[in-house]
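A.B. asks: First to last, the protein sequences are chains A and B. Be aware that the first sequence starts at 1, since it is given in our numbering, and climbs by one per residue. Be aware that the second sequence starts at 1001, since it is given in our numbering, and climbs by one per residue.
Among the hints, erroneous ones may be present.
A few chain A residues that face chain B, going by a derived Cβ cut-off under 10 Å, partial list only [claimed, not checked]: (1) V49; (2) N92; (3) S93; (4) T94; (5) S173; (6) L175; (7) V268; (8) F270.
Per label pair, the in silico range of CB-to-CB distance [unchecked claim]: (9) B:R1522 x A:D99: 37 to 45 Å; (10) A:L284 x B:A1414: 30 to 38 Å; (11) A:L76 x B:E1415: 54 to 62 Å; (12) A:A300 x B:P1357: 55 to 63 Å; (13) B:D1321 x A:L113: 55 to 63 Å; (14) A:A300 x B:D1232: 26 to 34 Å; (15) A:L113 x B:P1250: 42 to 50 Å; (16) A:H89 x B:D1255: 39 to 47 Å.
Output of the computed footprint for chain B on chain A, the stretches with three or more beta carbons under 8 Å from beta carbons of chain B [as the list claims (entries may be wrong)]: (17) 158-170; (18) 177-188; (19) 249-262.
No lab work stands behind these hints: they were computed from the structure. No residue lacks a Cβ here, since even glycine has one placed at the ideal position from N, Cα and C.
Take a look at the letters that make up each chain.
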Amino acid sequence: MARMSVVDAQASGLPRWLLLKIGGMVLTMIAVSFLVFSVLELNVDDVAVKVLGQFSTADQRAAWLQEGGYNAPFLLRYLRWLGHFITGHWGNSTYYREDVLTLIAPRLAASGLLAGAALLVIVPVGLALGVIAGVREGSVVDRLVSVFAIVTTSIPEFASAVFLTSLFVFWLSWLPGVSTMADGFHLRELVLPVSVLTLYSAGYIARMTRSSMIQVMQSPYIRTARLKGNSMRRVILRHALRNALITPVTVIMLQIPWLLSGVIVVEVFFAYQGFGTLLYQAALNTDIDLIEACTMVSVAVVVTTQVASDLLYAWLNPRMSFR
Amino acid sequence: MKNTDGTRLHSAVRPLVQDALQRGMDRRSVLRVLSWLGVSLASARGVLGFTAAAAPSTASSPAQVPQRGGTLRFVCSVQQMTDPATTTWIEASNLFRNSVEFLTYVDSDNVTHPYLAESWHPSEDLRTWEFKLRDGIRWSNGERLTVADVAFNINRWIAPSSKSPNRTTFAAITAIEPLDELRFRLHLSRPICSLPEHLYAATCPILHRRFEEQGANWPRNPLGTGPFQLTDYHVSRLAVFKRRRDYWGPAAYLDEIRYLDLGTEIATHVAALAAGQVDLLYRLTIAELDLVQRFPSMRLLSEPSAQTLVMRMQQDQKPYDDVRVRKALVLACDREQMLRLAYRNHGVLGEHHHVAPFHPDYFRLPPIKRDVGAARRLLAAAGHPSGIDLTLCLGNTQGRYEQDTAQVLQQNCAEAGIRLALQVIPAAQYWTIWDKVPFGMTYWAHRPLGVMALELAYRSGSVWNESHFANPRFDAALDRALAILDPQHRSAAMGDAERILQEEAVMIQAFFPQKLTVASTRVRDFRADPQDYYRMDRVWLA
Chain A
1 MARMSVVDAQ ASGLPRWLLL KIGGMVLTMI AVSFLVFSVL ELNVDDVAVK VLGQFSTADQ
61 RAAWLQEGGY NAPFLLRYLR WLGHFITGHW GNSTYYREDV LTLIAPRLAA SGLLAGAALL
121 VIVPVGLALG VIAGVREGSV VDRLVSVFAI VTTSIPEFAS AVFLTSLFVF WLSWLPGVST
181 MADGFHLREL VLPVSVLTLY SAGYIARMTR SSMIQVMQSP YIRTARLKGN SMRRVILRHA
241 LRNALITPVT VIMLQIPWLL SGVIVVEVFF AYQGFGTLLY QAALNTDIDL IEACTMVSVA
301 VVVTTQVASD LLYAWLNPRM SFR
Chain B
1001 MKNTDGTRLH SAVRPLVQDA LQRGMDRRSV LRVLSWLGVS LASARGVLGF TAAAAPSTAS
1061 SPAQVPQRGG TLRFVCSVQQ MTDPATTTWI EASNLFRNSV EFLTYVDSDN VTHPYLAESW
1121 HPSEDLRTWE FKLRDGIRWS NGERLTVADV AFNINRWIAP SSKSPNRTTF AAITAIEPLD
1181 ELRFRLHLSR PICSLPEHLY AATCPILHRR FEEQGANWPR NPLGTGPFQL TDYHVSRLAV
1241 FKRRRDYWGP AAYLDEIRYL DLGTEIATHV AALAAGQVDL LYRLTIAELD LVQRFPSMRL
1301 LSEPSAQTLV MRMQQDQKPY DDVRVRKALV LACDREQMLR LAYRNHGVLG EHHHVAPFHP
1361 DYFRLPPIKR DVGAARRLLA AAGHPSGIDL TLCLGNTQGR YEQDTAQVLQ QNCAEAGIRL
1421 ALQVIPAAQY WTIWDKVPFG MTYWAHRPLG VMALELAYRS GSVWNESHFA NPRFDAALDR
1481 ALAILDPQHR SAAMGDAERI LQEEAVMIQA FFPQKLTVAS TRVRDFRADP QDYYRMDRVW
1541 LA
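Given only the sequences and the hints, what does the whole structure look like? Please build it.
C.D. replies: Laid out in structure tokens, this is it:
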């Protein structure tokens, strides 16, 4: 992706910077779309077999390819597909037999809900543990937090999902085993997937926050603040925290695309009907229109998050400015 | 000799009954044949001296009176389905089974009962069958079920352009002759004694006569004569059926059935059952058996079944076009080890011909014993003295035990100098190539008769003939078996078909795993069906 640094943007100001960022986003999406389209639709015969089924005859496939305009040159087909995509015609899912746009919207919302709930837990827990460990570097608490963080980030999601299910579903019978939300929203059904995501992610944020906090706490301005007689609490909250957050915020922002489209294992394990499960099913069933649309949505989420991350970074770091 | 409705019985009925009563022939097999011949079940049971059936493995309590109402939550794949006549998924067939019905019904004991067809009578030569539909059956749109509906279905099954496996099964049907609104005759080019049983195959529901005019997409236009109506359908997620109040038969007990697709991880399904989020699982694999047995709130249901894994070789693909290579693979295979390690001995051994020892038409052949030395010699004779590299493709479509079985074969083959690579692909992708790979492992569901499985999978030119096996002697043996009413004589005819399959080493078929499933103790009168064909109208919740 054409990535422009915030420092470069200082001279030209925010609107120009944003414009360039959005231009970069568009270029990235076009490049990815071409790649995805090439992989999936270069061989039109495969597309026909997938859509019409294995028992379809050669004549039926030929007629379908003709009708769908698949006999046109590849580049022309790509441009036509891109035009349709831009105008909101994302095609039909061959597996779900539904309009792709209609299919994706609720799934993305469901993943957004899961991601939001997970972030509500991951961010406070990760930051709090990181700050506590960072200000007491070398203490027992610091070591405990570090060990916890390393252990939880080392355990893959599928393993912690099995462990937590064994404990809270099979043994204690406290929590539901799946999170289908088939009968509407139930907060209890979010507990296990959120816990698995928290275990995996909070430790990473805690470690980032800890190292950032240690670095900030050794800065001269913190020493000055202490010498002026400020309490430790005031020094941390008023002087250290904002600067210490710069690195973890970038990490947190990078979690968002992962939570929205990358938590396939957790969604599949708990039968959560989110975007990850949809992408998984699309890939399993070679559902071409759906794979293309999901990929484009994933890219859009990633690049949008990066822009937001850069904006947040500039806001947190007073040395960075668009003017 | 006449039936209870006054019609003349087939001449084979009397000798069959005499054989059962005087010569000790298996009465269940005779009962089954009598049901094919249109003898009413009550009469047949009475004549054969049947008392109450032995207690099956069922989620039921005979002391309790069934209760009406409630929603049953059934974990089952909610697959894409458009035309029930071409479906390859039994799960999908179980969904539409709630709404569309069949001419006959085959119970879990493999006895054929009247369903949409009230009665049927074959001619003496078994080439003409007269059926009478039950009067008063109405579609969910209020129209009456008539012979026109049946004719529409049978004609599209047997049409040369048909993509349904029914084209093979009913290839002998030459014409359907309507007699009036409720009666019709089927004319066959060769005798098929078990025709009524074939009519309950998953792909044989009777669809409305305007099915194709209305788009040939059943979930979009879910017309049916059955006890439930499809009200909600989302692929890979959910399907909801609600009880029809205007159903022609006894009303179903359940108000609603919700089919929930929880993905392919069976442990997740068991977790949902443990947490009380669902009531019934479609399938359990051997891996979860111990877990389920620890929960008093779950009831394990099992049935012997002729479901099996067939590792078949395409006979027109190199190196499987050489019978010596195929035989070497069969001789290298250790069936006992496969059953023990992959399915913990919950099943019976197969004999590399796809007919189970408990099939009524099974014929016992001398077992093929493992012989690694002979396998090596055959390979050398086939031009592979230093062994051969082969690839087996599989999809774990029924669970991990498929791969475990393949891994045992891999080890077995290594001893014979066959370097077997396993190509494991996702289940959903496997079903798009199952009949294309040269050497593949395919799950075949239970069929009540051995001949049914052989007809579908190995007859020359059959739609589902994945091994590309074509042998006129074999086809002739099937024709003979299909025409013989006497179970013992039919079994002898099947012996020829089994022998040819073994001689030609068409497949490695090591064992028949038991059918396993699990229900909450709330679920009553649900029985594990060897075919996985579930009718839900008599199931109720305590």
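A.B. asks: Decide, hint by hint, whether the structure agrees.
C.D. replies: Now the hints, each set against the structure:
1. Below 10 Å, beta-carbon pairs count as interface contacts, and A:V49 has one with chain B at about 8 Å; its hint therefore holds.
2. A hinted interface residue such as A:N92 counts as satisfied when its beta carbon comes closer than 10 Å to some beta carbon of chain B; here the least separation is about 12 Å, so the hint is violated.
3. The interface hint given for A:S93 is met, as the beta carbon of that residue sits about 8 Å from the closest beta carbon of chain B, less than 10 Å.
4. For A:T94, the shortest C-beta to C-beta distance to chain B is roughly 8 Å, which falls under 10 Å, so the interface hint holds.
5. Given hint, A:S173 at the interface with chain B, holds; its Cβ is 7 Å from that chain's nearest Cβ, closer than 10 Å.
6. The criterion of a C-beta within 10 Å of any C-beta in chain B is met by A:L175, whose closest approach is roughly 7 Å, and the hint holds.
7. Taking 10 Å as the C-beta contact cut-off toward chain B, the hint placing A:V268 at the interface holds, the least distance being around 5 Å.
8. Using the Cβ-Cβ criterion of 10 Å, the hint placing A:F270 at the interface with chain B is satisfied: the shortest such distance is roughly 7 Å.
9. For the hinted restraint 37 to 45 Å between B:R1522 and A:D99, the CB-CB distance of approximately 38 Å keeps it satisfied.
10. Judged by the Cβ atoms, the range 30 to 38 Å given for A:L284 and B:A1414 holds: they are separated by roughly 31 Å.
11. Against the hinted window of 54 to 62 Å, the Cβ-Cβ separation of A:L76 and B:E1415 comes to about 57 Å, which satisfies the hint.
12. For A:A300 paired with B:P1357, a C-beta distance near 59 Å keeps the hint of 55 to 63 Å intact.
13. At about 56 Å, the beta-carbon gap between B:D1321 and A:L113 stays in the expected band of 55 to 63 Å.
14. Take A:A300 and B:D1232: their Cβ atoms lie about 31 Å apart, and the range 26 to 34 Å holds.
15. In this structure, A:L113 and B:P1250 meet the distance hint of 42 to 50 Å, their C-beta atoms being roughly 44 Å apart.
16. Look at A:H89 against B:D1255: about 40 Å separates their beta carbons, and that is inside 39 to 47 Å.
17. Closer than 8 Å: that is the beta-carbon criterion, and the region 158-170 of chain A has 4 residues meeting it against chain B, so the requirement of 3 holds.
18. A count of 4 residues in the region 177-188 of chain A with a Cβ less than 8 Å from any Cβ of chain B is obtained; the coverage claim is therefore met, three being the minimum.
19. Residues of the region 249-262 of chain A lying with their CB closer than 8 Å to a CB of chain B number 0, which falls below the three-residue condition for coverage.
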